[in-house]
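Enquirer: Make the full structure from the sequences, and use the hints.
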Amino acid sequence: MDLADLHIFRSVVQAGGVTRAAEKLNRVQSNVTTRVRQLEADLGVQLFIREGKKLHLSPEGKLLLDYADRLLDLAQEAREAVHDAKPRGLLRLGTMESTAAMRLPVPMNAYLGRYPEVTLELRTGNTQELASAVLAGDLDAALLSEPVAEAPFEKVAIYDEELVIVAVANHPAIRSPRDARPHAVLAFEPGCSLRQRLQGWFAHHGEMPDRIVEISSYHAMLGCVVAGMGISLLPRNVLATFPDAKLLSLHPLPPGLDRLPTVLIWRKGTHSPKVRALMEVLREHSDIVSKPARRRKAGNAAAA
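Note that my numbering has the sequence shown beginning at 7, numbered continuously upward.
Honestly, the hints are just simulated from the structure, not real lab data. Nothing here was measured: the structure is a model prediction, and the numbers come from that model. Check each hint, because a few of them may be wrong.
[To be verified] Straight-line Cα separation of at most 27 Å, DSS-like style, residue types lysine-lysine; simulated pairs:
no., residue 1, residue 2
1, Lys-68, Lys-161
2, Lys-30, Lys-59
3, Lys-274, Lys-92
4, Lys-274, Lys-68
5, Lys-161, Lys-274
6, Lys-92, Lys-161
7, Lys-30, Lys-68
[Claimed, not checked] Restraint-style ranges between C-beta atoms, simulated for each label pair:
no., residue 1, residue 2, range
8, Lys-274, Thr-25, 27 to 37 Å
9, Thr-125, Val-162, 15 to 25 Å
10, His-277, His-189, 42 to 52 Å
11, Ala-10, His-189, 49 to 59 Å
12, Gly-275, Gln-134, 17 to 27 Å
13, Thr-125, Lys-30, 20 to 30 Å
14, Arg-76, Gly-197, 18 to 28 Å
15, Glu-29, Leu-253, 53 to 63 Å
16, Tyr-73, Val-162, 19 to 29 Å
17, Lys-30, Glu-213, 43 to 53 Å
18, His-225, Leu-126, 15 to 25 Å
19, Arg-120, Arg-217, 45 to 55 Å
20, Leu-69, Ser-182, 41 to 51 Å
21, Arg-184, Ala-233, 52 to 62 Å
Note that CB positions come from ideal geometry on N, CA and C, so glycine has one too.
Expert: Take a look at the structure:
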């Protein structure tokens, strides 16, 4: 088994079959088939379940695919490190919508100004789908809300968001889900960490929302809150971009639920120069990393 075999194997999986993989690899179909069968013979297992012309990964194939991803990604990182440690090329970054709008403009302007040979491709989504994209190799890194699985990723804390419950103006104080009327929750699709946090708050009090209305953008969500359709849970800084914020009321969550760390994640073993440089720039603008630095400076000034 060598990297070329693993590359062909992964190409067949990603392309969904031998024919498309052969076209992508610029090889004849029989060569791809032979290499896959040789890999199976070398390992002594069946990597695909064959149903006519269709191929489905066997359990052993799924296990090998995970190792193949890690080995091939690590080999690519090694090539980049050996041949060129300078960040360049396409950086595929995933992020939540609120982070993209409120947090990234300044640091990404600094990053692209510092590394002009990098091209940025930004994808927004929820924590679950972006983590899956990083794991699949479709994204180089992503900014996500905790919790994020430890095993497949490396991560570093970048931001610490304050969360608030948002309701229509003049809504009575919301101290528990019973105070939120109506019990409709305005949220993103399943997989959103904010939705999970709000549903967990309801469950902690033995309550369930009357219904969940799924909305695709923060501003549309806030507009629906203003209209009295329900409540939502948002990072406080999102409200800075909403022109009708005066028509809203804000209600704090209990301590321990009112903060949501945002972390930069990447696959273990794929810390490329682009991602390493991104981490450094984000940490320069981080409200987690920068606070201790400011305290040290203040302490030094007082001592002087």
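Enquirer: None of the hints should be skipped; say for each whether it holds.
Expert: So, going through the hints one by one against the coordinates:
no., hint, in the structure
1, Lys-68 - Lys-161, "holds, 25 Å"
2, Lys-30 - Lys-59, "holds, 18 Å"
3, Lys-274 - Lys-92, "holds, 20 Å"
4, Lys-274 - Lys-68, "holds, 18 Å"
5, Lys-161 - Lys-274, "holds, 9 Å"
6, Lys-92 - Lys-161, "holds, 21 Å"
7, Lys-30 - Lys-68, "holds, 21 Å"
8, Lys-274 - Thr-25: 27 to 37 Å, "holds, 33 Å"
9, Thr-125 - Val-162: 15 to 25 Å, "holds, 23 Å"
10, His-277 - His-189: 42 to 52 Å, "holds, 45 Å"
11, Ala-10 - His-189: 49 to 59 Å, "holds, 58 Å"
12, Gly-275 - Gln-134: 17 to 27 Å, "holds, 22 Å"
13, Thr-125 - Lys-30: 20 to 30 Å, "holds, 22 Å"
14, Arg-76 - Gly-197: 18 to 28 Å, "holds, 24 Å"
15, Glu-29 - Leu-253: 53 to 63 Å, "holds, 56 Å"
16, Tyr-73 - Val-162: 19 to 29 Å, "holds, 25 Å"
17, Lys-30 - Glu-213: 43 to 53 Å, "holds, 52 Å"
18, His-225 - Leu-126: 15 to 25 Å, "holds, 23 Å"
19, Arg-120 - Arg-217: 45 to 55 Å, "holds, 47 Å"
20, Leu-69 - Ser-182: 41 to 51 Å, "holds, 46 Å"
21, Arg-184 - Ala-233: 52 to 62 Å, "violated, 22 Å"
Consistency with the previously given hints fails for number 21 only.
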